[in-house]
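Chains as they are written, first to last, in our numbering: chain A, 5 to 319; chain B, 5 to 319; chain C, 5 to 319; chain D, 5 to 319.
A portion of the hints provided could be inaccurate.
A pair counts as met if it fits within one copy or between any two copies, since identical chains are not told apart.
Claimed, not checked - Listed below are the simulated SDA-like cross-link pairs for lysine to any residue, each with C-alpha atoms no more than 25 Å apart in a straight line:
hint, residue 1, residue 2
1, 11, 33
2, 52, 166
3, 69, 99
4, 96, 43
5, 52, 172
6, 11, 157
7, 227, 54
8, 227, 164
9, 282, 229
10, 69, 291
11, 222, 234
Since the hints were derived computationally from the structure, they do not count as laboratory data.
Number of protein chains: 4
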Amino acid sequence: MNTYGNKFRLTTYGESHGLAVGAVIDGCPAGLVIDTEAIATALARRRKGAPRQEEDTVEWLSGLKAVSPADNSPEGQLVTLGTPIAFLVRNKNIRPEDYSPLEHLFRPGHADYTYFMKYGLRDHCGGGRASARETVVRVVAGCIARQLMPDINIVTESARQLDDPSPSDTYGGVVSCRVTGVPAGVGEPLFGKLNASLAAAMMSIPSTIGFEMGAGFKAATMKGSEYIDMWNTVREPLTLTNHCGGVQGGISNGMPIEFRVAFHPVVTIPQPVECLHKDGHLETVTIEGRHDHYHIERAAAVVEAMTALCLVNLV
Amino acid sequence: MNTYGNKFRLTTYGESHGLAVGAVIDGCPAGLVIDTEAIATALARRRKGAPRQEEDTVEWLSGLKAVSPADNSPEGQLVTLGTPIAFLVRNKNIRPEDYSPLEHLFRPGHADYTYFMKYGLRDHCGGGRASARETVVRVVAGCIARQLMPDINIVTESARQLDDPSPSDTYGGVVSCRVTGVPAGVGEPLFGKLNASLAAAMMSIPSTIGFEMGAGFKAATMKGSEYIDMWNTVREPLTLTNHCGGVQGGISNGMPIEFRVAFHPVVTIPQPVECLHKDGHLETVTIEGRHDHYHIERAAAVVEAMTALCLVNLV
Amino acid sequence: MNTYGNKFRLTTYGESHGLAVGAVIDGCPAGLVIDTEAIATALARRRKGAPRQEEDTVEWLSGLKAVSPADNSPEGQLVTLGTPIAFLVRNKNIRPEDYSPLEHLFRPGHADYTYFMKYGLRDHCGGGRASARETVVRVVAGCIARQLMPDINIVTESARQLDDPSPSDTYGGVVSCRVTGVPAGVGEPLFGKLNASLAAAMMSIPSTIGFEMGAGFKAATMKGSEYIDMWNTVREPLTLTNHCGGVQGGISNGMPIEFRVAFHPVVTIPQPVECLHKDGHLETVTIEGRHDHYHIERAAAVVEAMTALCLVNLV
Amino acid sequence: MNTYGNKFRLTTYGESHGLAVGAVIDGCPAGLVIDTEAIATALARRRKGAPRQEEDTVEWLSGLKAVSPADNSPEGQLVTLGTPIAFLVRNKNIRPEDYSPLEHLFRPGHADYTYFMKYGLRDHCGGGRASARETVVRVVAGCIARQLMPDINIVTESARQLDDPSPSDTYGGVVSCRVTGVPAGVGEPLFGKLNASLAAAMMSIPSTIGFEMGAGFKAATMKGSEYIDMWNTVREPLTLTNHCGGVQGGISNGMPIEFRVAFHPVVTIPQPVECLHKDGHLETVTIEGRHDHYHIERAAAVVEAMTALCLVNLV
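All chains should be built: construct the whole structure from the sequences, respecting the hints.
The following block contains the structure:
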């Protein structure tokens, strides 16, 4: 399933080293002026420090109408028509030749093996569909979603977990997210719970390995009398603590929504590794290509995008 | 959304102190003989030690045909027709009078306030729809799902996190789940990832507060060279470690699927607590009703059920 | 798929000669007082003249709260909670013995053969799931949907097509439906068109064989200059004719929505017919059971219900 | 909703006079070699005789891998990867200047008014999203769907309904479709019926106004004894007649699936017409642009495409 959401529906496509990654957004209301600068800023944040540098120019294909801008700028503004918004970002900095030694090899830690087992064939260049390259379109769509919810503020902090890392290795980390401005009453009972929806949204991001709301795993070690968020005698803030992370029974209570997402280390390491050949034997290979030591700061931009995409489907 | 799944679709209903909880299962193949004993056993495990004891008799309403059994037992066997299976479990041990003092009060830690803010009215008896009572139907449906996947084995361990608990208080814990027999290739890219689907399934269970695959949050503190699951020189098991929990790029690799679910403490504590009155003031109340100190062992039965319901939609 | 709708979601179950037919409605807003009298009236209309007479008592299982009525009637009123509304109607007048000669036979014109080919087994009593008995729950749900749209008026006319029918035979007919009060702008482009949604809703009713909007098949014989609905010089009504049936580009224009549904004759005829035996030979049988000569007037009640269920998901 | 299908999911985008029309296909199995010639042929048939001539070159953006062809042709073959297939067809022959007089006018018979009422703004050029231009992508996707069902044969006949048409006017007609090779057992009970699915698919095509299976509206005038399709004494064909059009209880019986689709006349006529101005007054305008007198032959190509898209989601 390459579609996310049921109201603001994002359908994405594109392989890492194919022509383009792109998407169709169905369900965006008419009349929104697209903030192309905010999108450029978010894309720059997503690729900051990335070894593969792309211009990430968004080509808008449909769903928009150019209108004369107030400030007479030559380009005009793009206004949504209510019809599907299609856009793509071309993959310019492609080096498929880097990947030709990997044609019949499954790298450890990657999705090479699982994609092959599922589909019987795969795009061996740079992870194909499983590459984090596809998060470009999530960031674009997330920006549009945020514009639809001007009262909601999404802030992340990313934390590297090792103080003195070895430069010949790779690392993960934790992204903490805090959302303010979500009114009480958002989320659906049972299978459309806000916390379950956020969990699914976060775990759909490449490299994620854990999710927790509020006090999270620590809550499992607390007593009920410590854990329960008691009512405030005044109504603002609503509760004295926020161990539940702003969600009770799957529905927001108006407190900040707080959650943390764990990312495992980058799975391409700058060292020789043993790859599994299609025929079953192992081959030691040093993976070429351009890869991160850290991705946690860049991942934070994707966490924010997915948070926005999750919320815009519920509010 | 009270429906789970897109192939084996479970639609549930029922309030905690209403007439019944029940469900419709749409998409179960024809020809399956229902193992009613396995269902009874799972239901007994779900209610073991619960203060509110119910018989939990399943009434089958549709989708089944009684056929003459091989062993000539008088009752016959129930075989699925391929049409929707409807069943209900009546709520016999109802004591709405326990809850009348709570009619205008929102208990701390519960979903009373959020349901009221969402719907403008609520069933104040025992949590209504938000009560864990609804997990009865998940357990029934989970048993049927397990029967459809005889080669898949789902095992849980529940761990209380405090050694010397105070009997006047309540506790949470962690349920670890290990699934064997899932072949490589199960799960969908991007938004239908197996790990994301499991996360959503688990976080839909009442009292859950965290989810992690394999090494989980600990993976965020590891170096890539430690984290990556290296290929085994022999094919069984496939990798030397299983830090990823058996899922790569959202798709199973054939290793055991391993994850952990954190549960916060039971939110009804046997102590006086301050409740928020609809009018805005606080009132100190000792909540009557029958409640757990621990729910972690019972929760494990629900974790297994939701794991089965998740997998039956993907395999 | 036994679920209809994506906002007001009706999931139905039940075989014709099983214990009950019933449904779960998910997505009905909170605070609606159920008009149980309107439901009883619609059910009476659906069964009027039917050879199999049932009481059709609706048992409400969940999603409702009894509140003290304004008029102090003893029973109180049922108000929706916003949670899933479950109800069932028991099948009291069951005579499975009428059907035992049919256990291995496929009647002509019925769904006996197709269900068997799909599922490999079937409930041979009275059509099982394919029986029009299941429309009882559509009528109940349709009444609730109508209550949610008090400004929309749905009226049908049913027309028998033969003047002098032979009493030893069966007949079909056409139901014309006219809906007023639907504002302009209802319906979705492309695959969620109002006319396409109505077509699917109508063709889901047992015995339907044709659907047309406005001028319908006759429009295929008209010239453009005759067909096009010209604008009125005054705005009410909007157009001088309504050949399009009130829908343009899949979206309502505010004119009455008009369509016609063709029903083929009742497929159980009171004559000996050749049935196909599972083994491949033909057997002449006179079908017992209680069957209609006409069903068109009763079908009109179902057309109205499905129209309401269609519209409540779009407005 | 601009997405069709739940297994083979087609999400489309694009306005008539925008940059491109295009789509994403999610759910196409891996390993299919795309027959680009069959696609070119179908596209040529769709645009045959159309006043606006386009090259309709398909640009493939993702989901495909070029493999060395058996015949050493320089271009290679495109094989599906199992990931989303994205493609677009650029709109080259755009003349927005033809439409500028229509910026504030609603043409009669078109969707101008309804789109404006729904969205509050619209693309006034050539019908925007409501134009039949979008059927280009349905034809491309339909060809891929047909390739997935090599045993199923879809044939249409288009019938103009007037013998001596006036060249200064426009016309509709009826497309008859006959599908062979569909095995018994295809289709779902109740709301996923094969006939209901076909009805929705057909009524989603621009200009459709009626749909009937088998004997259709004529069946409403038949007696049951005439209508019922009696079993053949030999098994091939299964029944002596096919009044039901090959579907019983919503499920195919293995007979040819037969249905007819009525198209109203082209709604742009080469005559002065009164348009409704946004401000409420009428203005007489002769619509420029390039338009058909007949579209029924071209519509047949779209009927075949939608039939294929409908079936590929059910078989």
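| task | Find the hints from earlier in the document that the structure breaks and name them by number, from lowest to highest. | result | none
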